Amino acid sequence: MPDYAAAPIQPIVSGFVTFPGGVATQPFFQGKGVSSIVRGPSLQGLYILTLDVGLPGNAGAVPFGPSPPLAPDPDVRTMVLPLAIGEPPLSTITSIGVSYIPSALSGVGAPQIEIAMTEPVFILADPPGGFQIIVWRGFGGGVID
Amino acid sequence: MTDYAVNSLQPIVQGVVTFPKGTGPNSLVAFDGEGISAIARRAGVMNGAYVLTLDAGLPGNAGAVQPGIGILTDPNVRTMITVRGSGAPPISNIVTIAVLYLVSPTLGVGADQLLIVMETFPPALADPPGGFEIIVWVVVDQ
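Going down the list, the sequences are from chains R and Y. Just remember that my numbering sits 35 ahead of the position in the first sequence, which is counted from 1. Just remember that my numbering sits 21 ahead of the position in the second sequence, which is counted from 1.
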């Protein structure tokens, strides 16, 4: 098999967020790597996922990266995809943003991930069908500009 | 262990693109990660379009997306991008993202550059102030 690999990665979160009571109700996470999910300061469209507890810098926290402008970590990737509902199965979401919330404890890194979803025009909103999420950590790298 | 794998895949790029001096027409754009040797704005486009050059490698090896069949260049390559939100809450200003693989003029090399284009709403090319995360995978035919 040809070896294209230039960038080893590992998943630290894999799961599915739903709204069992409907949109604007308590979100629910099924999967691995997340110990809790709560809403941010918005009725819809803003979620804070707390990673499983782990050693500082190990699974359970996204370590700080080497480049302050890129904090917390240039080697973490969150991928989110709304699940559509209805027929045809359309998604209502037009933008997705992700941010990493650093711990107040020095050296721990970011144990929480905040996700913001909006409908037109940039109004925070829940995707009625929920969404899939994967968080990966990569290894290494350096700044190029 | 149950083996669900039907497609072997390998990451060839992972990283974060940022704007160290802030967004704005022709402002500096930077890549931090692996698999990319250079990044620049698309010539003549001041916002929202970036050309990433893959690390040099042997033709068909790391550093190039192999030539494929048809306009997709290679059906076994995947680019995935997530915008990092800025501000509180971390809302993204980007509503469309597209990717194109730029083919090398050297025969047999394949595509050694990625062109990424982002738009806000109403439709206009735009930079995401918080930058964006990127992974490129190559899927290996069995």
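These are computed hints drawn from the structure, not numbers from a lab. Everything numeric in this text was worked out from a predicted model, so none of it was measured. In this text, a Cβ means the ideal position worked out from N, Cα and C, and glycines have one as well. Among the clues, some could well be false.
[Said to hold, decoys possible] What the simulated footprint calls covered on chain Y by chain R, stretch by stretch (three residues with Cβ under 8 Å from a Cβ of chain R suffice, anywhere in the stretch; the number is not a length):
{"#": "1", "region": "98 to 111"}
{"#": "2", "region": "125 to 139"}
[Said to hold, decoys possible] Negatives, chain R to chain Y, calculated, CB over 10 Å:
{"#": "3", "residue": "S49"}
{"#": "4", "residue": "Q61"}
{"#": "5", "residue": "F64"}
{"#": "6", "residue": "P109"}
{"#": "7", "residue": "V133"}
{"#": "8", "residue": "S134"}
{"#": "9", "residue": "P137"}
{"#": "10", "residue": "S138"}
{"#": "11", "residue": "G164"}
{"#": "12", "residue": "F174"}
[Said to hold, decoys possible] Think about it this way: if two alpha-carbon atoms lie no more than 25 Å apart in a straight line, the pair counts; the simulated SDA-like pairs of lysine to any residue are:
{"#": "13", "chain 1": "Y", "residue 1": "K42", "chain 2": "R", "residue 2": "I136"}
{"#": "14", "chain 1": "Y", "residue 1": "K42", "chain 2": "R", "residue 2": "E154"}
{"#": "15", "chain 1": "R", "residue 1": "K67", "chain 2": "Y", "residue 2": "Q31"}
{"#": "16", "chain 1": "Y", "residue 1": "K42", "chain 2": "R", "residue 2": "K67"}
{"#": "17", "chain 1": "Y", "residue 1": "K42", "chain 2": "R", "residue 2": "I179"}
{"#": "18", "chain 1": "Y", "residue 1": "K42", "chain 2": "R", "residue 2": "P98"}
{"#": "19", "chain 1": "Y", "residue 1": "K42", "chain 2": "R", "residue 2": "F99"}
{"#": "20", "chain 1": "R", "residue 1": "K67", "chain 2": "Y", "residue 2": "M101"}
{"#": "21", "chain 1": "R", "residue 1": "K67", "chain 2": "Y", "residue 2": "N28"}
{"#": "22", "chain 1": "R", "residue 1": "K67", "chain 2": "Y", "residue 2": "T100"}
{"#": "23", "chain 1": "Y", "residue 1": "K42", "chain 2": "R", "residue 2": "V178"}
{"#": "24", "chain 1": "R", "residue 1": "K67", "chain 2": "Y", "residue 2": "L30"}
{"#": "25", "chain 1": "R", "residue 1": "K67", "chain 2": "Y", "residue 2": "S29"}
Report task. Taking the numbered hints from earlier one at a time, note which ones the structure violates and give those numbers from smallest to largest. Result -> Hints 2, 6, 7, 8, 12, 14, 16 not satisfied by this model.
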